[in-house]
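A.B. asks: Each chain, written out:
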Amino acid sequence: MARTLFEKVWREHVIAEIGDGYELIHVDRNLLHDLSGAKALADLERRGLSVHSPDLNFAVPDHGISTAPGRTATSTEISARLAPPFAARSRAAGIRYWDVNDPEQGIVHVIGPELGLTLPGLVITCGDSHTSTHGALGAIAFGVGSTEVAHVLATQTIVQKRPGTLQVRFEGQAGDGVGPKDMILYLMGVIGAGGGDGYALEYGGSAVRALDIEGRLTICNMSIECGAKMGMVAPDDVTFDYLEGRRYAPRGAAFDAAIAHWRSLTSDPGAVFDREVVIDMADIAPQITWGTSPEHVLAVDDRVPDPAAAPDGKRAAWQEALAYMDLTPGTALQDVPVDHVFIGSCTNSRMSDLKAAARIVDGRKVAGGVTAWVVPGSQAVKAEAEAAGLDAVFRAAGFEWREPGCSQCVAANGETVAPGQRTVSTTNRNFEGRQGPRARTHLASPAMAAAAAVTGRITDVRTLEV
Amino acid sequence: MQTFTSLSGSAAPLMAANVNTDVIIRIERLSDYERDALEPFAFEAWRFTEDGAEDPEFVLNQAQWRGAPILLAGPNFGCGSSREGAVWALNCIGVRAVIAPSFGGIFRNNCYQNGTLPVVLPEETVAAFAEIARAQPDAPFTVDLERCVVVPPNGAPVAFEIDGLRRQGLLKGLDDLGLTAERMPEIAAFQDRDREVRPWVWIDG
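Read top to bottom, the protein sequences are chains A and B. Under the numbering used here, think of the first position of the first sequence as 1, with each following residue one higher. Under the numbering used here, think of the first position of the second sequence as 1001, with each following residue one higher.
Since the hints were derived computationally from the structure, they do not count as laboratory data. It is possible that some hints are incorrect.
[As the list claims (entries may be wrong)] Every beta carbon over 10 Å from chain B, so not counted as near; a handful from chain A, in silico:
no., residue
1, L49
2, R91
3, G245
4, S264
5, T266
6, P269
7, D274
8, L327
9, P329
[Unchecked claim] Here are the simulated distance ranges between beta carbons:
no., chain 1, residue 1, chain 2, residue 2, range
10, B, Q1002, A, A332, 46 to 54 Å
11, B, D1144, A, E384, 57 to 65 Å
12, B, N1061, A, E465, 49 to 57 Å
13, B, K1172, A, L49, 13 to 21 Å
14, A, A388, B, F1058, 31 to 39 Å
15, B, K1172, A, D237, 45 to 53 Å
16, B, E1124, A, G94, 47 to 55 Å
17, B, Q1002, A, V466, 18 to 26 Å
For glycine and all other residues, C-beta sits at the position ideal for the given N, C-alpha and C.
With the hints as constraints, model all of the structure from the sequences given.
C.D. replies: Structure follows, in structure tokens:
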């Protein structure tokens, strides 16, 4: 019987069927961060339970910690409260813990792939909705709540209902200025913020095959923004080359044996998906969001939409979004001035992202009145970027070059965009208040964010010479 | 975990689509406050104006819906972040059941871990309930998990579907940890076998 990639990986993890389509699933990697992970460890303690398989759990602080140069584990009020007990509980349980200034520290969804913890065919959980990121290597990876994290800690399993399957194929060649962030933002516009609800996504098509792992990570990262808990890409030689030699990836004969198995992890010809969406790359221009949901997205050369033209049932939401964003219908998006630019997050803080932004920034200056930050996704990314001189490019232009963490993407550490200020951000959510109370967020690619930083307004990256 | 069997009370219509968990509870509140102390912070950006006063326009500030145990909501309620605090915050303002056309998947699972019932009904049914709630704000709705019905005031019961496993968990007050406790031998057997089949998964020491 022809099976999808998702079905193959899922089946390998079923411990028991427990009725009504629910199954008890083995979890191969559980990743803990300083908010939900710390809470789950405390919850476990309160329940008098212990960690079942400590070797399959990994802990790192990223959400609450400062990203200011010279930071320590206790530089922010939140991390002063959370990080020490998180570290202590993790270590006491025998869970590998990376401290804030460890050379392997970083955003949990950046270091997982980077360290080879993320492998094809694994089931990976984390108390964080952007766990979908890890699907880029062919894993089933999804976010769970903190009680579910406690369940994983206590049993190394999770109770889940098997989702349906949705195949998204990007076909054709990327146009000028169009990268993985534009692809996934465009998809949000096509299927909407709830369009993936109840599905596991599989991304394919020639344009996805052509992407490197970092690009695939960006795409899978935002699966949750259309309601899909998980999104995956079938592993291929690009994946195996990426993994070879990484810290926790198998080596030698074990690596060869793993690859032999991983090669079987593709959707069979004739496998049936519950739903299919095909996107023609020729339709995708550089994207930018205008509203307060990732589905509120347009090509950068478009204009602020008129709620009168909204689809059925969306008019009120569009009106509220425009009021929150302080935008007038008909305004050219490129006429919108910005106060802030943020380059970072588990969506776009890897080496390829920083290179794409630096290419635009090189030889230019951050526009007057704009505050611009780069927050590398991990210590490894930071070190590699510094070795390549990218930090110098950003600093010379007037960017702040900071320490790895989630920072303004979720603003849990006090690093917020000020009320009423407008930011172009390479993050994943333009929700009301996400980057700080009354902050106004426009989501875009690293190159688009860099373009906004140097011009002081939303800018079509294709109009800047490089 | 608290059980959920049946409840009656007012139903507050908060019908916007895609209400996300960031709006339900800001993330820093979850590190600053315990799960039972979130009442002042649920929907804070919508409940309060910039100067900290209550916004009288916001539905949950209106006398008839203050403390309503039932929320009527738009599609994709609870989308976004995995924070379980969204459910805790709803519980803190008294909400124990949310009726919506669809839910964010992680939020829905989090409801089941906290004795909170997500009821899925068609958009037109929820919209009709909202109309009834606005017309007769003091008349109680009943959400009955034993019979799997919602009974609007002076109306006929409307049946809803819920997976049996989730229904049993809520009726008995068992979260997933309570359900899995008896499966430990099967888990051990799986892991023993898996070490042979997929040795690369296992990191020792």
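A.B. asks: Compute the least Cβ-Cβ separation between A/S264 and chain B, then decide whether it is above 10 Å.
C.D. replies: holds, 12 Å
A.B. asks: Quick check on a hinted range of 31 to 39 Å for A/A388 and B/F1058, using CB atoms only.
C.D. replies: Since the Cβ atoms of A/A388 and B/F1058 sit about 50 Å apart, the hinted range of 31 to 39 Å is violated.
A.B. asks: Measuring from beta carbon to beta carbon, are B/K1172 and A/D237 in 45 to 53 Å?
C.D. replies: At 50 Å between Cβs, range holds.
A.B. asks: Beyond 10 Å from every Cβ of chain B: is that where the Cβ of A/L49 lies?
C.D. replies: It is violated; A/L49 is separated from chain B by about 8 Å at its closest Cβ, not greater than 10 Å.
A.B. asks: Looking only at beta-carbon atoms, does the pair B/N1061, A/E465 fall within the given range of 49 to 57 Å?
C.D. replies: holds, 53 Å
A.B. asks: A/G245: least C-beta distance to chain B exceeds 10 Å?
C.D. replies: Non-interface label on A/G245 holds, nearest chain B Cβ at 14 Å vs cutoff 10 Å.
A.B. asks: Within 13 to 21 Å: is that where the Cβ-Cβ distance between B/K1172 and A/L49 falls?
C.D. replies: holds, 19 Å
A.B. asks: Would you say A/T266 is clear of chain B, with no C-beta pair closer than or equal to 10 Å?
C.D. replies: Since the minimum Cβ distance to chain B is about 17 Å, A/T266 lies beyond 10 Å and the statement holds.
A.B. asks: Are B/Q1002 and A/A332 spaced within 46 to 54 Å by their CB atoms?
C.D. replies: holds, 53 Å
A.B. asks: Would you say A/P269 is clear of chain B, with no C-beta pair closer than or equal to 10 Å?
C.D. replies: holds, 25 Å
A.B. asks: Quick one: work out the minimum CB distance from A/L327 to chain B and report holds if it exceeds 10 Å, violated otherwise.
C.D. replies: Per Cβ check, A/L327 is outside 10 Å of chain B; nearest 18 Å; holds.
A.B. asks: Would A/P329 pass as off the interface with chain B, using Cβ distances and a cut of 10 Å?
C.D. replies: Holds, because the least Cβ-Cβ distance between A/P329 and chain B comes to about 20 Å, which exceeds 10 Å.
Checked against the numbered hints given earlier, the structure breaks hints 1, 14, 17 and satisfies all the rest.
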